[in-house]
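Chemist: These protein sequence lines are chains A and B, in that order.
Residue numbers are given in numbering that gives the first Met the number 0: position 267 of the first sequence equals residue 266, and the series is strictly consecutive.
Residue numbers are given in numbering that gives the first Met the number 0: position 202 of the second sequence equals residue 201, and the series is strictly consecutive.
For the record, the hints were derived by calculation from the structure and aren't laboratory data.
This one's a predicted model, so the numbers in the text were calculated from it and none came from an experiment.
Glycine included, every Cβ here is placed at the ideal spot set by N, Cα and C.
Careful, some of the hints might be misleading.
Only some residues are given here: those of chain B computed to face chain A with a beta carbon under 8 Å [unchecked claim]:
1. S24
2. P34
3. Y39
4. V152
5. I167
6. S169
7. G170
8. I172
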Amino acid sequence: MQAFADKLIQLLEHDPATWEYTQIFYAGVMLAFICLLFFVLVLPLFAGISTWLERKVSARMQSRIGPNRAGPHGFFVWIADGVKLFLKEDLIPAEADHLLFRLGPHLVMVGLCASVVVLPFAAGSTIADMNLALFYLMAVTSIEVVGILVSGWASNSKWSLLGGFRSAAQIISYEIPVALTFMVVALSAGTLSLGGIVAAQGPWPWEWYLVHSPMHFVAFFLYATAALAEGNRTPFDLPEAESELVSGFNTEYSGFRFSAFFMAEFANIWIMNIVGVVLFFGGWQLPFLNDRFTAPIIADGAFDGWALVWTFVSLLVLLAKVSVGVFVVLWLRWTLPRLRIDQMMALCWKYLVPVGILLVILTAAWELVLYEVPSLKWMFPGLLTLVSAGLLFAFLRQTYRNFELSGDTPSLENF
Amino acid sequence: MRAQVGSGYFANIKNSTRTIWHGMSITLSYMFRRPITVQYPDRTEVPVRDTLPDRYRGFLEVDMDICTACQACQKDCPIDCIRIDIEGKGKERYMTRFDIDIAKCMFCGLCTENCPTGAIQHTPEFEASALAMENLTFRFISDPVQGVPPYKVEKGVDSYQRKPLGSILSGIIKPWDAPPPVFPDPEPEPEPEAAPEAEPALEADAS
Numbered sequence: 000m001q002a003f004a005d006k007l008i009q010l011l012e013h014d015p016a017t018w019e020y021t022q023i024f025y026a027g028v029m030l031a032f033i034c035l036l037f038f039v040l041v042l043p044l045f046a047g048i049s050t051w052l053e054r055k056v057s058a059r060m061q062s063r064i065g066p067n068r069a070g071p072h073g074f075f076v077w078i079a080d081g082v083k084l085f086l087k088e089d090l091i092p093a094e095a096d097h098l099l100f101r102l103g104p105h106l107v108m109v110g111l112c113a114s115v116v117v118l119p120f121a122a123g124s125t126i127a128d129m130n131l132a133l134f135y136l137m138a139v140t141s142i143e144v145v146g147i148l149v150s151g152w153a154s155n156s157k158w159s160l161l162g163g164f165r166s167a168a169q170i171i172s173y174e175i176p177v178a179l180t181f182m183v184v185a186l187s188a189g190t191l192s193l194g195g196i197v198a199a200q201g202p203w204p205w206e207w208y209l210v211h212s213p214m215h216f217v218a219f220f221l222y223a224t225a226a227l228a229e230g231n232r233t234p235f236d237l238p239e240a241e242s243e244l245v246s247g248f249n250t251e252y253s254g255f256r257f258s259a260f261f262m263a264e265f266a267n268i269w270i271m272n273i274v275g276v277v278l279f280f281g282g283w284q285l286p287f288l289n290d291r292f293t294a295p296i297i298a299d300g301a302f303d304g305w306a307l308v309w310t311f312v313s314l315l316v317l318l319a320k321v322s323v324g325v326f327v328v329l330w331l332r333w334t335l336p337r338l339r340i341d342q343m344m345a346l347c348w349k350y351l352v353p354v355g356i357l358l359v360i361l362t363a364a365w366e367l368v369l370y371e372v373p374s375l376k377w378m379f380p381g382l383l384t385l386v387s388a389g390l391l392f393a394f395l396r397q398t399y400r401n402f403e404l405s406g407d408t409p410s411l412e413n414f
Numbered sequence: 000m001r002a003q004v005g006s007g008y009f010a011n012i013k014n015s016t017r018t019i020w021h022g023m024s025i026t027l028s029y030m031f032r033r034p035i036t037v038q039y040p041d042r043t044e045v046p047v048r049d050t051l052p053d054r055y056r057g058f059l060e061v062d063m064d065i066c067t068a069c070q071a072c073q074k075d076c077p078i079d080c081i082r083i084d085i086e087g088k089g090k091e092r093y094m095t096r097f098d099i100d101i102a103k104c105m106f107c108g109l110c111t112e113n114c115p116t117g118a119i120q121h122t123p124e125f126e127a128s129a130l131a132m133e134n135l136t137f138r139f140i141s142d143p144v145q146g147v148p149p150y151k152v153e154k155g156v157d158s159y160q161r162k163p164l165g166s167i168l169s170g171i172i173k174p175w176d177a178p179p180p181v182f183p184d185p186e187p188e189p190e191p192e193a194a195p196e197a198e199p200a201l202e203a204d205a206s
C-alpha cells in the first residue's frame with residue numbers, strides 16, 4: 000500500500016521521503032482505498048440483504064409471504080434486483096444539468112463511505128479511532144444532504160426539486176436533536192471518540208448508557224426518532240413520498256445511479272443503527288464477551304490467533320445487536336403512516352430540540368452531582384434496567400393479547 | 000383504545016407514545032400469524048379448479064355420446080366459436096367436426112342453456128394460457144373420417160347419462176407450452192392454364 004502511494008508521489012515528481020505532504024497523501028490514498036472496498040464489497044451486501052429483509056418483514060405484517068422463489072426463502076431476490084438495475088439504461092434527461100446530475104450520487108456515496116471510517120465495528124478494528132469521531136460523523140453525514148439537493152436541482156423536474164428541498168429542510172433540522180443526544184452521551188463518557196464511548200460502558204445491560212440515567216433513557220428515544228428522520232425513513236420519508244412526489248429527488252435517475260441512491264438509503268439504516276448501538280447499547284460488548292475477560296486470555300499467549308478470533312466474535316456481537324435495530328426500523332415503516340411536512344417540522348422544533356437542550360443541561364448537572372458524590376453512581380442504572388425490562392415484558396404481553404384476540408394459530412411456516 | 004384526550008403539549012406526547020405502542024404491538028403480532036396468500040399455481044394444497052363452485056363457467060365440454068347434432072349451440076353462440084360439420088343424410092348422417100375455439104369463447108353459457116340433452120356443459124377448467132393459440136381449439140371429434148353418429152333420443156326419457164364433467168376435457172387440454180398442431184401440407188397449386196397465349200393476338204388486332 001505504502002509502496003503504491005510512494006510510486007504515485009514519484010509520478011508527481013516528488014521524493015516521498017522529503018515531500019512535506021507525504022503523510023496527507025498516504026491518508027488520501029488510504030481513504031480512497033477504503034471507499035472502494037466499502038463500495039464494492041460491504042455496501043451492496045448490507046443494502047441488498049436489508050431490501051430482502053424489508054420485503055419479508057413487510058409481507059408478514061400484511062399477511063403475505065413475500066419473495067420465496069429465488070433461493071431459500073427468496074434470499075437471492077436482491078441479487079436479481081441488483082443485476083436488473085445495473086443492466087438498465089442510464090438515462091440523463093436532455094434538459095438536466097449534466098455535470099451536477101452525475102455528481103449527485105457520488106456526493107451521497109462519499110458522505111456514506113466517509114462515515115464508515117470512524118465506526119467501531121469490532122474490538123480494535125476501527126479504521127480511524129479519532130478523538131473527534133462524533134463531531135466528524137455530524138459533519139460528514141451532512142454531505143449527503145448536498146448530494147440529495149444537487150440531484151434534485153439538476154434533474155430539472157418539479158418532483159425532484161420538491162423532494163430535494165424537503166430533504167434538505169428535514170435533514171438540517173433533525174441534525175440538531177441528533178447532535179444534542181450525542182452531547183448527552185459525550186458528557187457522560189468524557190470523550191467524543193466512539194471507541195472511548197464503548198470502553199466507558201460495560202458489557203452488562205445495567206452498564207450501558209441506555210440506563211445510565213433517566214436523561215440517557217429519554218435521549219435514546221430522541222436519537223431513534225431523529226436518526227429515522229435523518230435517514231429519510233418512514234414515518235419521515237417525505238423526500239420520497241411516493242403518493243405525492245413520484246419518487247422524490249431520485250425520480251429522474253435510472254440504472255446504476257438510481258441504485259446508488261437506493262443502496263445509500265439502505266446502508267444508512269445500518270450506519271444509524273451501528274451508531275445507536277455504540278452510543279447506548281455497549282457496542283460490541285456482551286456479558287463475558289468484553290476486553291476485561293479476553294485481555295488475560297490474549298496476553299497468555301497460548302494461541303496466537305485469539306486476538307483475531309476475539310475481533311471476529313465481537314464483530315458478530317455488534318452485528319447481532321444492530322440487526323435487532325434494523326428490524327425495528329423496518330417494523331416502524333410498516334406501522335406508522337407518513338407525517339405531514341408541518342407536523343414533521345413541529346415535531347423537530349417544538350418537541351425534540353427543547354427536550355434535547357433540557358437533557359443536555361440535566362445531564363451536565365447530574366454528572367456534577369456524580370463527581371461530588373460517586374456513591375450515587377448505581378442509583379439509576381439498576382432501577383432503569385428493571386423499568387426497561389418491565390416495559391419490554393408489558394409490550395410482549397400486549398402483543399400476545401393482540402394475537403389472542405385474532406383467534407389465529409401461530410404459524411412460522413413460509414417465513 | 001381510548002379516544003384522544005386533550006390536545007396540549009404533553010397530551011400530544013402522551014397520545015403519540017400510546018398510539019405508537021399499540022400500533023407496533025399490533026404489527027408485531029401479525030408477524031406470527033398465518034399468511035393468507037394462495038400460492039397459485041404450483042404450491043396449492045389442492046388444484047384450484049377443484050376448489051371452484053359447481054356452476055363455475057370454465058371451458059366448454061361436449062359429451063359426443065349424447066349429442067343429437069341439433070346445432071342449437073352453434074346457432075346460439077353470439078361469437079361463433081362453435082363449429083359443427085355434418086355430412087350425409089338419414090341413417091348415414093354423421094358429425095365430422097365439433098370444434099370449440101375456447102380462445103374466442105366469452106363464457107356466456109347460452110349454448111349450455113339450449114342443449115336438449117345437456118351434452119355441452121361448462122367445466123371448472125380455466126387455465127387458458129398457451130404458447131400456441133391453435134391448441135385452444137378443442138376438437139371433440141378426433142377422427143373426422145369415421146365421424147360420430149347423432150344420438151337418438153328415446154321417447155319419455157328426460158334425463159341423459161353423461162360422462163363425469165371434466166373427464167373428456169382432461170384428454171383434450173394440452174400443456175401450455177405444447178407445439179401447435181401440424182396441419183397437412185397445403186395441396187399443390189393447380190398448373191397455370193395456357194391462357195396468356197391469346198394476348199399477343201389481341202395486341203396485334205389493336206395495331
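Chemist: For every hint, state whether the structure bears it out.
Modeler: To see whether the hints hold, each was checked on the structure:
1. S24: holds (4 Å)
2. P34: holds (5 Å)
3. Y39: This interface hint is violated because 12 Å lies over the 8 Å limit.
4. V152: Since chain A brings no Cβ nearer than about 53 Å to B:V152, farther than 8 Å, the hint is violated.
5. I167: violated (34 Å)
6. S169: violated (28 Å)
7. G170: Hint violated; B:G170 Cβ to chain A Cβ min 32 Å, cut 8 Å.
8. I172: Not OK, violated: B:I172 not within 8 Å of chain A, min 25 Å.
In terms of the numbered hints stated before, the structure departs from hints 3, 4, 5, 6, 7 and 8, listed from lowest to highest.
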